[in-house]
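Enquirer: Sequence:
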Amino acid sequence: MRESLEGSVGRRSREEEHESRSGSDNMDGASGDDQDAADKPPRKKRYHRHTPQQIQELEALFKECPHPDEKQRLELSKRLCLETRQVKFWFQNRRTQMKTQLERHENSLLRQENDKLRAENMSIRDAMRNPICTNCGGPAIIGDISLEEQHLRIENARLKDELDRVCALAGKFLGRPISTLATSIAPPLPNSSLELGVGSNGFGALSTVATTLPLGPDFGGGMSNALIPASRPTTAVTGLDRSVERSMFLELALAAMDELVKMAQTDEPLWIRSLEGGREILNQDEYLRTFTPCIGMKSNGFVTEASRESGMVIINSLALVETLMDSNRWSEMFPCMIARTSTTDVISSGVGGTRNGALQLMHAELQVLSPLVPVREVNFLRFCKQHAEGVWAVVDVSIDTIRETSGAPSFVNCRRLPSGCVVQDMPNGYSKVTWVEHAEYEESQVHQLYHPLLRSGMAFGAQRWVATLQRQCECLAILMSSSVPTRDHTGITASGRRSMLKLAQRMTDNFCAGVCASTVHKWNKLNVGNVDEDVRVMTRKSVDDPGEPPGIVLSAATSVWLPVSPQRLFDFLRDERLRSEWDILSNGGPMQEMAHIAKGQDHGNCVSLLRASAMNANQSSMLILQETCIDAAGSLVVYAPVDIPAMHVVMNGGDSAYVALLPSGFAIVPDGPGSRGPTSNGQVNRNGGGGGGAQRVGGSLLTVAFQILVNSLPTAKLTVESVETVNNLISCTVQKIKAALQCES
1 MRESLEGSVG RRSREEEHES RSGSDNMDGA SGDDQDAADK PPRKKRYHRH TPQQIQELEA
61 LFKECPHPDE KQRLELSKRL CLETRQVKFW FQNRRTQMKT QLERHENSLL RQENDKLRAE
121 NMSIRDAMRN PICTNCGGPA IIGDISLEEQ HLRIENARLK DELDRVCALA GKFLGRPIST
181 LATSIAPPLP NSSLELGVGS NGFGALSTVA TTLPLGPDFG GGMSNALIPA SRPTTAVTGL
241 DRSVERSMFL ELALAAMDEL VKMAQTDEPL WIRSLEGGRE ILNQDEYLRT FTPCIGMKSN
301 GFVTEASRES GMVIINSLAL VETLMDSNRW SEMFPCMIAR TSTTDVISSG VGGTRNGALQ
361 LMHAELQVLS PLVPVREVNF LRFCKQHAEG VWAVVDVSID TIRETSGAPS FVNCRRLPSG
421 CVVQDMPNGY SKVTWVEHAE YEESQVHQLY HPLLRSGMAF GAQRWVATLQ RQCECLAILM
481 SSSVPTRDHT GITASGRRSM LKLAQRMTDN FCAGVCASTV HKWNKLNVGN VDEDVRVMTR
541 KSVDDPGEPP GIVLSAATSV WLPVSPQRLF DFLRDERLRS EWDILSNGGP MQEMAHIAKG
601 QDHGNCVSLL RASAMNANQS SMLILQETCI DAAGSLVVYA PVDIPAMHVV MNGGDSAYVA
661 LLPSGFAIVP DGPGSRGPTS NGQVNRNGGG GGGAQRVGGS LLTVAFQILV NSLPTAKLTV
721 ESVETVNNLI SCTVQKIKAA LQCES
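Sequential numbering from 1 applies to the sequence shown in UniProt numbering.
Because the hints were derived from the structure by calculation, they are not lab data. Among the hints, erroneous ones may be present.
Okay, derived cross-link-like pairs now, BS3-like style, lysine-lysine, Cα gap no bigger than 30 Å in a straight line [unchecked claim]:
{"id": "1", "residue 1": "78", "residue 2": "63"}
{"id": "2", "residue 1": "502", "residue 2": "71"}
{"id": "3", "residue 1": "88", "residue 2": "78"}
With the hints as extra help, turn the sequences into a complete structure.
Expert: Below is the structure:
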């Protein structure tokens, strides 16, 4: 029977593959009029084979969009000289083929798993037939009790201990003792006592916590079953260790969620408004009175930063929760903040097809765009819970303390205390997001210039997360809308816009990776004597990367304080008419904007293509791709010279992955409350600079970074002259910016 089933599946998949290869085989045979077809004798189908070029174009669109709409199909059919029905049938057949391939792959995996279990079963049976005494190595004599019963008794004792421990854990959160036999057990019995303990008792009474958000009773049975999968461990010891660790993770996640919701909803005296800027400051004394530290006490040399921010975002709660729980989508939503992230373990994927109760282990590298601030590496739990209809919360909390106790030594420069967001659906597709960020970090590794910014929570804090989320969601809403913004050059096709935006995103990601020296690229830091102290120079080899020219890439970055407002500095650097005042690539003249794609309501959020005017007949005109973005937390100007023929391909909708880029640019952030910029001796002035009650100078922290190809051979040796050239380029650019803004001193 199994062979006949496999045979029928094989025949069907071969037929489906034939359908897909033939393009629109059923095109010409279908008349569209069933009545006429019934009267006439059936005609023989005429097969139509697509050309390789047509198939290549169809495959390219299928990768981006397996379900194209009517407009996309019409556009594609015109471009490929096909009928729209042919395009429609090709996509139908291709989807069927893809589904068949996936099913075949799943069947293969299941067959392997089945064989593995059968072999394991056979070995266990053999072991039970011939028991061996562990002490003497001879045949085991159990007495009147069978070996199987002996095994069951040992397993039963282990499970009972596990049940007692989980009931104690549940009782801790319910606030009352839980008897292991308090709940009648209805058949069928759960697969493990751990599931029984958490599933039957549940955590429904967690809603006794006094908050204005209703904590749903559905947090009980169903969710907890998903939280701890009832998989029988292969060996009792390692399985028990893992289940103990998972229980600790669950306990930590629940405590962190409770703390996050309270911190999001409680105002004074927990949060106090500052006189300067009206920011919310966490009252540490009140915090310690209200909460029990869930990840241990603060380490020596660590300082605390805490911030809270609320805002309206054009995204619904479900979409935002899905984005936060998927590491790739999370990093795409916050590209300049997250250098790298991954999900290391999914403990629970949620209940009933939703993210309610989802719990996972994650690793992330968080960054501020400056070489003077080290990247923060954090290992944390992310827990998601639905509190009411349209109300969700996602909390993060570091797990380093748990991992330390389990014997894995690890040095951390940052710990995330319960941080995250509470999301509530609002009308018209908007959500109200309340974000809380709370962390402890080692301040000695941070340059003094950035101390005020980090302490205020403006660098890694809630304001930056909310501002970035608002800007990114606004950008997505504009790109998804059918109407083209009025400032856009309508000469670019829709596919050309997509390709240009994809290229600009890659350029910005590479710029951020070069500034912060995250592990996205393998950088080697250089210690060169004739380079300024605050300039970080790094090098790496670029080999076999289609998006970069091959050879030795040199990256140099520095950060300086300027007594200029962030908005004024951003407007100056992004203005193509003033570019000649600082950019040596501009040939000394103004630049012309060739193309413009808006990415937000603010004119500063856009992707542009600039052309430098040739000063004489010998010079060839050059194109520069530039992306600028600005929000309440800071701004960015990133640019890279691009090849003219390559950009023509991109603007016509071609693949942007093969356009070689080496980005340079600027990152601008406010200097932070309490900062007065550096004094004459280079130290940060904390006293306001001078007597007589001197007024605060509103300044900016400007990061300047260049990536330059110094040799087109990856095996070449780096010369001192190359390093000096890049160092001079940075210092010269900073001096030109200061001169243009009249702040040389």
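Enquirer: For every hint, state whether the structure bears it out.
Expert: Taking the hints in turn, this is what the structure says about them:
Taking the CA atoms of residue 78 and residue 63, the gap is about 20 Å. The hint holds against a cut of 30 Å. Our distance criterion of 30 Å between C-alpha atoms is met by residue 502 and residue 71, whose separation comes to about 22 Å. Restraint check for residue 88 and residue 78: the C-alpha separation of about 13 Å stays at or below 30 Å, so the hint holds.
Figure legend: structure checked against the earlier numbered hints; every hint is met.
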